[in-house]
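Peer 1: Quick note on the UniProt record's numbering: the sequence shown kicks off at 1 and runs consecutively.
No wet-lab data here; the hints were simulated from the structure.
Be a bit skeptical, because a hint or two may be false.
Calculated lysine-lysine pairs in the DSSO-like style (CA-CA distance at most 27 angstroms, straight line) [claimed, not checked]:
no.	residue 1	residue 2
1	LYS534	LYS413
2	LYS834	LYS749
3	LYS702	LYS602
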Amino acid sequence: MTSAVPLTDKQLHQLSIAIGKAVNPTETPVKEKHVRSAIIGTYQEKGGVVFWSYMLRQPLQENQIVAWKFCHVLHKVLREGHAKVIPDSQRYRGKLEDLGKLWQHLREGYGPLIQLYIRLLITKLDFHKRNPRIPGTLQLTPEELHSMGENDNNFYFQMSVEMFDYMDDILNLQRAVTTSLKNTPSNSMTVSGQCRLAPLIPCVLDASQLYDYCVKILFKLHDSLPADTLTGHRDRFSKQFQELKKFYITVKQRQYFKQLITIPSLPENPPNFLKQSELGTYVTPRVVLPPEASLDSETVVESLIDTSDTNSLPGDQLDSTRNGSISPDARAERESLIDHLRQENNHQRQELHRILTEHQRIVGDFKSEVTQLESDLHIKCTELEQEKQVNKDLVKQKGDMMAKVHESEEKYKILEEKFQKLKDAYSKFREEHINLIRKKAAVDKQLGMLKMAQEQSERRTVEAERRLEELIQGQAITEQEARKAVEAQHDLDDVKQQLNDAKAENLALIAKNDCITSEKTALEGDLHDLLAQKEELDLKIEKLEVEAERCRNEMNTYADTMLHELMLNCISEAENIMQYSLNAIDNPAMSDLTCTPQYLEKLEESTLKSLDTLDASYTGYVCDTTNGKVLITSAIHVAYVLGLYMIHARSTSNTSIDIALGDKLTDECKQLGLQSLTMFNHIREKSPVTVGQINEVKQQFKKVCELAATLSNTQGNVEVIGSLVETELLSMDKAIEEAAGRIQDMLEKSRAADSGLKLEVNGKILDSCTELMKCIRKLVKKSRLLQAEIIDQGKGTASATEFYKRNHQWSEGLISAAKAVAMGANLLLEAADKVVSGNGKFEQLVVASQGIAASTAQLVVASRVKASRHSSNLAALSEASRDVTQATGSVVATAKNCSQLVEENDDFDVSGLTLHQAKRLEMEAQVRVLELEQALETERLRLAALRRYHYQLEAEKD
Numbered sequence: 001m002t003s004a005v006p007l008t009d010k011q012l013h014q015l016s017i018a019i020g021k022a023v024n025p026t027e028t029p030v031k032e033k034h035v036r037s038a039i040i041g042t043y044q045e046k047g048g049v050v051f052w053s054y055m056l057r058q059p060l061q062e063n064q065i066v067a068w069k070f071c072h073v074l075h076k077v078l079r080e081g082h083a084k085v086i087p088d089s090q091r092y093r094g095k096l097e098d099l100g101k102l103w104q105h106l107r108e109g110y111g112p113l114i115q116l117y118i119r120l121l122i123t124k125l126d127f128h129k130r131n132p133r134i135p136g137t138l139q140l141t142p143e144e145l146h147s148m149g150e151n152d153n154n155f156y157f158q159m160s161v162e163m164f165d166y167m168d169d170i171l172n173l174q175r176a177v178t179t180s181l182k183n184t185p186s187n188s189m190t191v192s193g194q195c196r197l198a199p200l201i202p203c204v205l206d207a208s209q210l211y212d213y214c215v216k217i218l219f220k221l222h223d224s225l226p227a228d229t230l231t232g233h234r235d236r237f238s239k240q241f242q243e244l245k246k247f248y249i250t251v252k253q254r255q256y257f258k259q260l261i262t263i264p265s266l267p268e269n270p271p272n273f274l275k276q277s278e279l280g281t282y283v284t285p286r287v288v289l290p291p292e293a294s295l296d297s298e299t300v301v302e303s304l305i306d307t308s309d310t311n312s313l314p315g316d317q318l319d320s321t322r323n324g325s326i327s328p329d330a331r332a333e334r335e336s337l338i339d340h341l342r343q344e345n346n347h348q349r350q351e352l353h354r355i356l357t358e359h360q361r362i363v364g365d366f367k368s369e370v371t372q373l374e375s376d377l378h379i380k381c382t383e384l385e386q387e388k389q390v391n392k393d394l395v396k397q398k399g400d401m402m403a404k405v406h407e408s409e410e411k412y413k414i415l416e417e418k419f420q421k422l423k424d425a426y427s428k429f430r431e432e433h434i435n436l437i438r439k440k441a442a443v444d445k446q447l448g449m450l451k452m453a454q455e456q457s458e459r460r461t462v463e464a465e466r467r468l469e470e471l472i473q474g475q476a477i478t479e480q481e482a483r484k485a486v487e488a489q490h491d492l493d494d495v496k497q498q499l500n501d502a503k504a505e506n507l508a509l510i511a512k513n514d515c516i517t518s519e520k521t522a523l524e525g526d527l528h529d530l531l532a533q534k535e536e537l538d539l540k541i542e543k544l545e546v547e548a549e550r551c552r553n554e555m556n557t558y559a560d561t562m563l564h565e566l567m568l569n570c571i572s573e574a575e576n577i578m579q580y581s582l583n584a585i586d587n588p589a590m591s592d593l594t595c596t597p598q599y600l601e602k603l604e605e606s607t608l609k610s611l612d613t614l615d616a617s618y619t620g621y622v623c624d625t626t627n628g629k630v631l632i633t634s635a636i637h638v639a640y641v642l643g644l645y646m647i648h649a650r651s652t653s654n655t656s657i658d659i660a661l662g663d664k665l666t667d668e669c670k671q672l673g674l675q676s677l678t679m680f681n682h683i684r685e686k687s688p689v690t691v692g693q694i695n696e697v698k699q700q701f702k703k704v705c706e707l708a709a710t711l712s713n714t715q716g717n718v719e720v721i722g723s724l725v726e727t728e729l730l731s732m733d734k735a736i737e738e739a740a741g742r743i744q745d746m747l748e749k750s751r752a753a754d755s756g757l758k759l760e761v762n763g764k765i766l767d768s769c770t771e772l773m774k775c776i777r778k779l780v781k782k783s784r785l786l787q788a789e790i791i792d793q794g795k796g797t798a799s800a801t802e803f804y805k806r807n808h809q810w811s812e813g814l815i816s817a818a819k820a821v822a823m824g825a826n827l828l829l830e831a832a833d834k835v836v837s838g839n840g841k842f843e844q845l846v847v848a849s850q851g852i853a854a855s856t857a858q859l860v861v862a863s864r865v866k867a868s869r870h871s872s873n874l875a876a877l878s879e880a881s882r883d884v885t886q887a888t889g890s891v892v893a894t895a896k897n898c899s900q901l902v903e904e905n906d907d908f909d910v911s912g913l914t915l916h917q918a919k920r921l922e923m924e925a926q927v928r929v930l931e932l933e934q935a936l937e938t939e940r941l942r943l944a945a946l947r948r949y950h951y952q953l954e955a956e957k958d
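With these hints in hand, go ahead and build the complete structure from the sequences.
Peer 2: Structural data, given as structure tokens:
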């Protein structure tokens, strides 16, 4: 990077003169040659430090015309000056903000325009600071635009948002400039109107470039992103497209721009970004400036040399030069001057050649540095891709962890289900085991009975065998007795049969015993299996209980972690809410919002109660962290109610008639917001001083409430405003009617008493005044109709008096406007009476007519504030206002024509004067001119003092 080059004393002097002439306090447009000199100075210096040093010496804070021209010149220098001007201007961003805040208090004239222009310049500086590769002229090739983003959709997304903000500021400025011209008699062919319109030319150039880039970027984003993601971008672009189209139409219709710039025509409808085929039919709009005369190095140098040395020539030489004959001395002096200029020209050519060589060397250095930066950028991009990959891995790991947590939850649920099933199976097996034990006891009992029967059968068998032996032993003894033998044989057969039966029964019992034994063995095996399964189930149940306890602990830990993260996120969101409220307080648009102190007072109790709740919930959270849910709710609620209260307090400060008190209330609200941010930071970190910080926030809140109560006490009484509005409007109507009647009476008297030139002059004057009064009466009538419409729309079920009281500031504006119109009518009547009677001056009539026109304009503005944009009564009122303006111009023109008629009638005859008399009268005339100039200066000072006193009285009255 090249450092700034020190300028010579001559160059500094020329730059100082050019800047002074460019921002002179005369309400005329900035001359292009002075701006060009300032731009050339930045190239000579290779920066903007000297430009700013001379510019800050100008009365930017004292004169609104100077401040307006400063904005225009700075815009041109930022666009066309040296590339280092924008970085050098970043350090003066705070001074620009202070200048905008200063002029925003001036609600009329150039005040709002300066504020909007300053905002546009700050936006331009911020835009170039975030995008240093974009030059001040905003001119980029498609390749440069593509290389800046490197196919990063996030970059193009953010850049489109920044361009939308830039375009909004341009459209807001042009809308304000156009509106200000509608409210003043200025137009594009007057120097005052051109002074306001001139800065729109660089605005058109910036807007054209921004529109082209927005179209290309949106087509690129729609090619790679879903359409739903870019819905907000399309809506914002469509709105800006319609505004830009109106802007271009407005510029084309102004006669002033026809020779200065050629505006392209935008298509009927905005591009359809959902169809990529429309990009092929898109045509870049080109703004064409008229070709300037080609300036070579010699012309540029000579333009910086002041050759107007005619004032240094003696009087006789100057006269001879004007007469066409040049004396020898003058010719010699001219030749020497020409030689000097040629030498200076050669020197400047050499200097220019050196500058061009230096410039080429700098360009080469820049190219090498750009190459190095591109290589560094490539390395950085590679590192960025690696970081993105690492980030993706971390996100994936986080997703895997969440999946594992989800899987563990599912596994826990499955284990719970298995545990329940095993528990049911265990209960079923237990019941079956108990039933089998009962069956085993019954089988054992039956087996015991079978054993007893078997023993009895065995005893009976032994007894039968014993009886058989006895019978065999007694057979030999009882052989003789046949009968006894047959009987014994029969008994033996019976015993054998019984024995056989006993044996068969014994075999059946043995088989049954074996079956029961085998069944018992099988039952014992089943019982053993059931016991083994029971032991396994007991082990699984113990494992499941341990796993369930571990999962429960993990879930509790996870829940505590999630609750803590939720609390931190909620505290961060509460801080964001407070930060948003602080930003809203600093937003200049808040100056248009109002809130009554009574409504603000109703918010105090709920806000203080929420702070007490936060104090209690934080104390409970410190004692037991499970109370985090209560702390989260309390913190969010406190942030919401505190932010709401701060915004309403800022709106309430706008209603204060004491500016210092309103500013103090705003500052205290900011302090409350900063202390609240500190409080939330302590809550997040569980700092031991958190409770004390909460108490400090309470004390600051009570301090703001006390200031709001003081503001409420200084509001003054507005109870009588409702009836006072109607009274003042009726007084205004009465004053206008009386003035119109008296002017008609004067006209009739003049026609009856005067003749000749006096009758002609009085007739013209009174006729124009009568026409003006008719237009004013029509305007007042339309104003009354519009006010009735406003009251009907806004009062609801309340009365008109209640509506006036509710909107007391607007009502006070109506009262002030009505008083001004009535006073203006009386002044016009007095001025016309004096002129007709011959005791007044035509200038008094001009001032009086312009004064009443200004008063009616104040009435129109006061009536227009609350009117609907599409109201027919508003259109009629605007038409009547234009009629009043034309009638005022007619009065002024008539007064000037009549004054000229009188002066022509009183022409001074100098044909009979001697040389001595003519010289004496000439000296007396010069003395009179000096006296009149001194008197004019004195009267201007008196007028300024009267205006200051008038403003002071108005402020004290309000």
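Peer 1: Each hint needs a verdict: does it hold in this structure or not?
Peer 2: Going down the list of hints, with the structure as the test:
1. Proximity of LYS534 to LYS413 is assessed by CA-CA distance (about 23 angstroms); at most 27 angstroms being required, the pair is judged to hold.
2. As the CA atoms of LYS834 and LYS749 are separated by approximately 14 angstroms, the hinted pair is consistent with the 27 angstroms bound.
3. Straight-line distance between C-alpha atoms of LYS702 and LYS602 comes to about 14 angstroms, which keeps the hinted pair within the 27 angstroms bound.
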